[in-house]
Amino acid sequence: NAGVTQTPKFRVLKTGQSMTLLCAQDMNHEYMYWYRQDPGMGLRLIHYSVGEGTTAKGEVPDGYNVSRLKKQNFLLGLESAAPSQTSVYFCASSHRTSQETQYFGPGTRLLVL
Amino acid sequence: KQEVTQIPAALSVPEGENLVLNCSFTDSAIYNLQWFRQDPGKGLTSLLLIQSSQREQTSGRLNASLDKSSGRSTLYIAASQPGDSATYLCAVLFYGGATNKLIFGTGTLLAVQP
Chain A
187 NAGVTQTPKF
197 RVLKTGQSMT
207 LLCAQDMNHE
217 YMYWYRQDPG
227 MGLRLIHYSV
237 GEGTTAKGEV
247 PDGYNVSRLK
257 KQNFLLGLES
267 AAPSQTSVYF
277 CASSHRTSQE
287 TQYFGPGTRL
297 LVL
Chain B
177 KQEVTQIPAA
187 LSVPEGENLV
197 LNCSFTDSAI
207 YNLQWFRQDP
217 GKGLTSLLLI
227 QSSQREQTSG
237 RLNASLDKSS
247 GRSTLYIAAS
257 QPGDSATYLC
267 AVLFYGGATN
277 KLIFGTGTLL
287 AVQP
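Top line first, the protein sequences correspond to chains A and B. Using the numbering used here, read the first sequence as starting at 187 and increasing by one per residue. Using the numbering used here, read the second sequence as starting at 177 and increasing by one per residue.
Hints in this document: simulated from the structure, not taken from any laboratory. Please note: incorrect hints may appear among the correct ones.
Unchecked claim - Simulated pairs of lysine-lysine, BS3-like, Cα-Cα distance not exceeding 27 angstroms:
#1 Lys-218/B <-> Lys-200/A
#2 Lys-277/B <-> Lys-218/B
#3 Lys-256/A <-> Lys-243/A
#4 Lys-243/A <-> Lys-218/B
#5 Lys-200/A <-> Lys-177/B
#6 Lys-177/B <-> Lys-244/B
Next comes chain A alone, as it looks inside the complex (with noise of 0.2 angstroms):
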């Protein structure tokens, strides 16, 4: 079991580039979750998703954009990417509900110059 995996783990990006984040699980949990970590903010709910083909707005969701076409895939895109998306960015899973735990993945490390 790999559990929460994600893709890449650095990046660079200049302004204005798109990227996108993949996040892979293989636990076959329902709910997938994207959070982005900031210094002095804790981590913050950027969208998810409550099954395939299925996404919602988290707390921040302006300036991305998701899509769950695989049950075990999660992506999280970045159409013109902005020096305020310099930020640390964690996928999460959880089995079938969001009242239970969540399992996180490594983190992607994105710097937007």
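Given chain A, work out where chain B should sit, using these hints.
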């Protein structure tokens, strides 16, 4: 507004000491509260999850308590070890109508000195 606060932001103790980390939250309408550990450059690892109907949970040297009415939780670490050095995050799952909200505190950075 639903908020989670952790005090202190940083703590340094000598090895072997017992210590308490604090978490407070602004709304008592919660499903559960979780304590996570985060090592530098790594993801979060769940340590303990306390349901709103529970008062405490224990795992090895860790004991977490929950007082929902006062909006407080503590994480007690017994006989601390250098390997306990990490950032400890408290996260509260608040009722959110159609969408429950997991709100994180900003963490307590713990350093256990050998």
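Outcome of the hint check:
1. Restraint check for Lys-218/B and Lys-200/A: the C-alpha separation of about 25 angstroms stays at or below 27 angstroms, so the hint holds.
2. In summary, the hint linking Lys-277/B to Lys-218/B is supported, as the alpha carbons are separated by about 23 angstroms, within the 27 angstroms threshold.
3. In summary, the hint linking Lys-256/A to Lys-243/A is supported, as the alpha carbons are separated by about 18 angstroms, within the 27 angstroms threshold.
4. In summary, the hint linking Lys-243/A to Lys-218/B is supported, as the alpha carbons are separated by about 25 angstroms, within the 27 angstroms threshold.
5. Between the alpha carbons of Lys-200/A and Lys-177/B the distance comes to roughly 35 angstroms, so the proposed pair goes past 27 angstroms and is violated.
6. The suggested pairing of Lys-177/B with Lys-244/B holds, with an alpha-carbon distance near 17 angstroms, which does not exceed 27 angstroms.
When held up to the earlier numbered hints, the structure conflicts with hint 5 and nothing else.
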